[in-house]
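Asks: Throw the hints in and build the complete structure from the sequences for me.
So for the sequence shown, this note's numbering puts the first residue at 146; every next one is plus one.
Just so you know, these hints were derived from the structure itself, not from any lab. Any given hint might turn out to be false.
In silico lysine-lysine, BS3-like type, Cα no more than 25 angstroms apart, as pairs [claimed, not checked]:
(1) Lys179 <-> Lys194
(2) Lys194 <-> Lys171
(3) Lys194 <-> Lys217
(4) Lys177 <-> Lys202
(5) Lys185 <-> Lys202
(6) Lys217 <-> Lys171
(7) Lys219 <-> Lys177
(8) Lys171 <-> Lys219
(9) Lys179 <-> Lys217
Since the structure is predicted, the reported quantities are computational estimates derived from the model, not experimental observations.
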Amino acid sequence: MEGNKFGDRKFGDRPRKRFGPQPPVKVGERYKVKIESLGKGGDGIARIKGFVIFVPKTNVGDEVEIVINSVKQKFAFGEVVG
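Replies: Shown next, in the form of structure tokens:
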């Protein structure tokens, strides 16, 4: 059988499409945030334009500079710098 009706591409070769707005943060960028609450695991929770950022080793009320380590569709992870 030569090729298939989809050409030579395999099903996993196409890029994923993301739905909804893009997150307002990017991996490697730094932000100054205020920790608003704590998550179930004890990580601090900050928000940037309403987008949730989990920041370990922080407490409610802390104002810290963070760097983003990982970005998901609905939340991100950051860590305190400096």
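Asks: State for each hint whether it applies.
Replies: Taking the hints in turn, this is what the structure says about them:
1. Restraint check for Lys179 and Lys194: the C-alpha separation of about 12 angstroms stays at or below 25 angstroms, so the hint holds.
2. Note on Lys194 and Lys171: the hinted pairing holds, with a Cα-Cα distance of about 13 angstroms set against a maximum of 25 angstroms.
3. The suggested pairing of Lys194 with Lys217 holds, with an alpha-carbon distance near 15 angstroms, which does not exceed 25 angstroms.
4. Straight-line distance between C-alpha atoms of Lys177 and Lys202 comes to about 15 angstroms, which keeps the hinted pair within the 25 angstroms bound.
5. With a C-alpha separation of about 13 angstroms, the suggested pairing of Lys185 with Lys202 holds against the 25 angstroms cut-off.
6. Proximity of Lys217 to Lys171 is assessed by CA-CA distance (about 10 angstroms); at most 25 angstroms being required, the pair is judged to hold.
7. Between Lys219 and Lys177, the direct Cα distance comes to roughly 19 angstroms. Compliance with the 25 angstroms bound is thereby established for this hinted pair.
8. Between Lys171 and Lys219 the CA atoms are separated by roughly 13 angstroms; this keeps the pair inside 25 angstroms, and the hint holds.
9. Pair hint Lys179 plus Lys217 holds up; C-alpha atoms about 20 angstroms apart against a cutoff of 25 angstroms.
The earlier numbered hints are all upheld by this structure, with none contradicted.
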